[in-house]
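Given the coordinates of chain U, work out where chain R should sit on it, guided by the hints.
Respectively, the protein sequence lines represent chains U and R. Number 955 in my numbering belongs to position 955 of the first sequence; there are no gaps in the numbering. Number 26 in my numbering belongs to position 26 of the second sequence; there are no gaps in the numbering.
None of these hints come from the bench; they were simulated from the model. We put the beta carbon where it would ideally sit given N, CA and C, even for glycine. One or more hints might be untrue.
[To be verified] Think about it this way: if two alpha-carbon atoms lie no more than 27 Å apart in a straight line, the pair counts; the simulated DSSO-like pairs of lysine-lysine are:
#1 R:LYS25 with U:LYS1080
#2 U:LYS1080 with U:LYS968
#3 U:LYS1074 with R:LYS112
#4 U:LYS1080 with R:LYS109
#5 R:LYS109 with U:LYS1074
[As the list claims (entries may be wrong)] Here are the computed distance ranges between Cβ atoms for each label pair:
#6 U:LYS876 with R:LYS34: 32 to 40 Å
#7 R:LYS34 with U:SER751: 52 to 60 Å
#8 U:PRO1059 with R:LYS34: 29 to 37 Å
#9 U:VAL1109 with R:LYS34: 35 to 43 Å
#10 U:MET1061 with R:ASP85: 29 to 37 Å
#11 R:LYS34 with U:ASN758: 53 to 61 Å
#12 R:LYS34 with U:VAL739: 52 to 60 Å
[To be verified] Short, incomplete list of chain R residues facing chain U, as computed with Cβ under 7 Å:
#13 GLY61
#14 TYR77
#15 PHE83
#16 GLY86
#17 ILE106
#18 ASP107
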Amino acid sequence: MKGTPVTKTLKITGISLLSVLGVLVLAFLILSWTILSPSRLTSTTRKVLDKYAPCPVMIDKVELTLVRTYPFLAFRIDGLFIPDEMESSPLDTLLSIEKFFVQADIDTLIHSNVIVVTSLDLNDTQVGLFTDESGRSNLDFLLSSDTVQTEETSSAGIPDLSVNLEKAGISRLKASYTDLSAGMSASVADFNASMKGRMEDGGIQAHARLYANDGLSFAMNDDTTDIKAVIKALSLELDGMMTDNGASGFLTLNVGDIQAAMDSMNAVLSSLKASTSVECGLGENGLTFANATGLTISAKDIMAAMTGMQANLAEFSVRADSMKYDPVAQTAGLSGTSIGLGKTGMCMTDSLGNSTEAAFESLLATLGADCNLEHGSLSEELTADIADISFSMDGESPIKAGLGNLGVVLNSNIDKDRIDASPSVRTDRLTFAMGNDTYVPGWPVSLSADVHTNPNLDHVRMPLTLNVNGQRLNLDADVDISNNMQDFRGYAGISAQSLDIERIISMIPDNFKELVKGISASGQLALNAGIRGSYINGEPKLKSASATVGLNRFSAGIADSLYVETPALTANVIYPSAAGTKSDGESADLNLVFGNLDFMYNGSQSEMDCHLSEVSVDARADGPVDSLDLMGLTAYATVKAGGISATVDTASVDMQGLMVDATISPNDGLPAMMLNLALSSLGGRLDDNEGNSVMDAGLGRTSATAMARYDQSQEDLLLKWNPRFSLQMDDSHVSVNDVTVELPQLDVDFSLGRFAVNDSRLVVDGSDISFWGDIYNIGAYVQKTGLLTGELFLESDHVDVNRLMAITSGIGVDDAAVQEAEIQATADSSALEPFLVPEGVDLTLYTNFSSIEFGDHEFFNLGGDVTVKDGTAVLKELGFSSDAAEMQLTAIYTAPRVDSMFMAMDFHLLDIQIDELIDLIPTVDSVAPMLKSFDGVAQFHFAIESFMKPDYTPIMSTMLGAAAVEGKDLVVMDNEVFDGIKHKLLMSRKARNVIDSLDVELQIIRNKVTLFPFKVSMDKYSAVIGGRHNLSGNLDCSYHVALVKTPLPIRLGVTVSGPLMDISEHPLKHIKLKRPEYKKLYEPEKRGNYEERVLQLKSNVLEMLRSNVREY
Amino acid sequence: MKKTLRFVSLLFLSLALFVQCSRDKFDEDLLEGKWYNTTEELYFTFNADHNGLTDDGEGHGNQFTWSLDDDELSIRYKSGSGFLDGITEVYILTKLTSSRMEAYQIDAKDIKVVFEKK
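Chain U extracted, bound-state conformation:
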């Protein structure tokens, strides 16, 4: 700020005024020498004024005294009156002075060239200035020539005089100014002033006091402006000095009752006081410095209002210890500045009558600043304390907010290159409510920031700390801004060291508490997250991001039914991956670690308790963002768990030493996946309600690897994924009730080229089975380009079939369900899908069982091969031995299609007890029911074949079969019974109940069973038995027993025929005596063609069956 025009004007005006006074004094002194008496002086003055004055001037009295008042020359004018002759002026008086008096010391002037004015009074003066709408003024005839003269006088040079004004005063000055052209008016009703001063040696020292007791007014009213101002009382005291080198002074202002209005605004102030000391320096080039010290401004009862708004300020004060301005150094400074406000309020009311109010109880601010205008730098320190801030807003949802005591600190440094600011705001109590809902009940809040930017605002760095109710949050941003604040590039982050979760939940407003009803949580939350990216031309782009979330001593519960607890948990996400990224893709890392985690669920129907320990999850993904192209994706994940245990109601699971590794990455142009799993142990248990174990299962050390390559050009699922896996398990078991299935060892490897079972073992409740083998060309088989081949081996030292059947029968299904399934299966047999033997397969299963328990029998050295080839499954020469017999079995099952199912069986029991035969194969009894009448050792041969329906019922029209029983020394009926009847039968005493030999052959063709006649001999009796029966319908039969040798001279024949069931119910009805047939059958010399043919057919059957025995 350059003060040269102002100071120059002040200096010129002061010098001019005092010069004019001096001249007037001199003039009047000279005049007094010639005209001494007041009357003459008055008359003369009137005449002169009448002749020379440009307007009528009336004077009551003019007096000049010297002799009487020597050494003081006194001049006095009483009753000076200049009327306002302007027609358009509403005023009568242009100038009216009741009394003008001036007295000077002539002696001092003569001897010392010093003008001493001992008194200068202007009393009861009235001035009226008027300008009409056209701009004509009632002073037009006075102002122009006097103004030119004044300037010329000032520029012509100031007389080298010293002036001492001991006392000057203006009392009761009334002045008005009206300018209709400008729409302005001003007036003062009772203006008073007192002055004293001294001008000497080029310097001026003065003291003045101005006051108006009855107010000052100002008004301006034109087309665009309507201003009014009224000051009821005013006093201004000045005390200063001015030299060529500068000026200094002290100013005191007191104003009472100020009212101002502009358009619809008005303001009222009851008291305004100001005081300050000012000092400035002047040099050749003007102002060299300016200082103001001890500035105080105070005001009271301030009110400002406009349409719909009103503000009140109880008290306002400003204090500045020092304000400095150095135009040479281009610096400015402010120190010790404080601003104080008393109770302040503001109210705005809208057209609906809703008001918005803001208020505070008090404000105290201190400000210090230093400015260097040359460097364009500014540093400042601002502190402010505001007490009891309140805000309210009416409406449908009234808002109320408050800040108990607000403290603000702002330190800033600004220069041409940078702007640094450190704002800090704190309050001890923040409240916010809307409607009936309280959102912030009264929290201490603080916010501090450290802002760094530049005048262009093209780069901003702003770390910020927010503390709400004891929860501290740090925010950080470092951003480059361009394109008119539309483009951004940089970093933003948020962090919190230790957030109290329980407290945060308690901070949820009441109207939202319903959302978290029943939810409780506690612990510490740490957070550190940041993103780096850009927002250019409306497109956001993420360059990197990271987030770390940590939970410490965390627990959470929902409605007393769900509970989670962990002492520490850390989750970490990084984008892009720390391991790098593909140039055209994106990647991310995920890491999750926690030591222990407990999870509990307590529901109305079930309970669950889960514990995890030492869990870590690492995952990384690297791939294209725009598409889900597996080919471009590389990802891995590793999950480790020291232990996982869970209990759900009566079931429990425990897993130790878990590690799972999964990877997906391109391989030979295809996306490939791999999964590794390792487990130290896995155990599970299911108890009943009494706590007894129902099921218990466990896996020992387990490792598994699975791989796949995804080829979407393939249609078949296996070929599409090309899976490979290997599995090794040790010491695994499942126990259900009293049954235990153990897998002491399992080792399998699978790929489309080979499926290998390596040395594996299965133990089921006493049955111990080892199995191994290989299957090849699985992939080629699926593609139908190759043969599925392989060999599998089953070996066992002991198998308890009874126990296995008991275990596997109806497992998991209750009796009622089993019965229902059987009924359903019988009723709807068409729904069964038959097993079709696949073609393109050449597999062989080799079996070797040292011992097998089945029924009441034990079989040894059971072994045989099962071959599946060309759509046919063959059980080849399955043989075993037992206490009861030796067995050989060969079975064929062919089922390439549903309409071409064929089954055949060739079965031999050698050296078997007949009763055990029937016990072992109950079917024999239905095929040859008469056998159960015999007891002893026999050979049994049986072969049957048939095509089958899809439900495995034989197609009778295709059935062929044959059976033969050979026996020697067979006992029929027990000894006691035989002894009772042999005498009646006229048998010899030595007769035994033994049949020497038995030779039974039967043949099955379609549904017809033909029992070729066989002879039974006992002592003196021989009988031949033969016949047939049907396997379908009513099981019609017709059997003939011919007694071909008896001690009696009769030959008997008995035929039993009819439906089998009917025969058993009404035997006599179906028994007929006939001529004995088969008489010639066993008398070679009497055989005819028929007998020969029958015996040939009978022998044919036996030979046919015998030829199938492996070693006979």
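This is chain R only, laid out in the frame that chain U set:
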């Protein structure tokens, strides 16, 4: 008289023997073709090459070879598994025409089996 009685007895004895030893002969050419066994409700097809097959009307049956020796028709079924190669069924024909065949099974003389030519 004795001599005459002896001669007559010898004559009747020879006649009886002749009657007893002689069997009917049937033309196997008449057998060729497809026959329907009304008793078993089964089709029998006898081919000229002495092969044949049975058919239950739903495409199910067995292959066989056949031979006709005077009145004895032997049907030897082919075993699909090989276990029952040689299993044979014997019919004793009593009548054979171009349209009808009557017989009984050797093991069921009392049951008449009728075939109708198809």
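Quick rundown of the hints versus the structure:
1. R:LYS25 with U:LYS1080: The given pair, whose Cα atoms are some 24 Å apart, holds under the 27 Å limit.
2. U:LYS1080 with U:LYS968: Given that 27 Å is the threshold and the Cα spacing comes to 23 Å, the pair holds.
3. U:LYS1074 with R:LYS112: holds, 19 Å
4. U:LYS1080 with R:LYS109: holds, 16 Å
5. R:LYS109 with U:LYS1074: holds, 14 Å
6. U:LYS876 with R:LYS34: 32 to 40 Å: holds, 38 Å
7. R:LYS34 with U:SER751: 52 to 60 Å: holds, 55 Å
8. U:PRO1059 with R:LYS34: 29 to 37 Å: holds, 32 Å
9. U:VAL1109 with R:LYS34: 35 to 43 Å: holds, 39 Å
10. U:MET1061 with R:ASP85: 29 to 37 Å: holds, 35 Å
11. R:LYS34 with U:ASN758: 53 to 61 Å: holds, 59 Å
12. R:LYS34 with U:VAL739: 52 to 60 Å: Holds, at about 59 Å.
13. GLY61: holds, 6 Å
14. TYR77: This hint holds: R:TYR77 lies near chain U, its Cβ roughly 6 Å from the closest one there, short of 7 Å.
15. PHE83: holds, 4 Å
16. GLY86: holds, 4 Å
17. ILE106: holds, 6 Å
18. ASP107: R:ASP107 check passes; min Cβ-Cβ to chain U is 5 Å, inside 7 Å.
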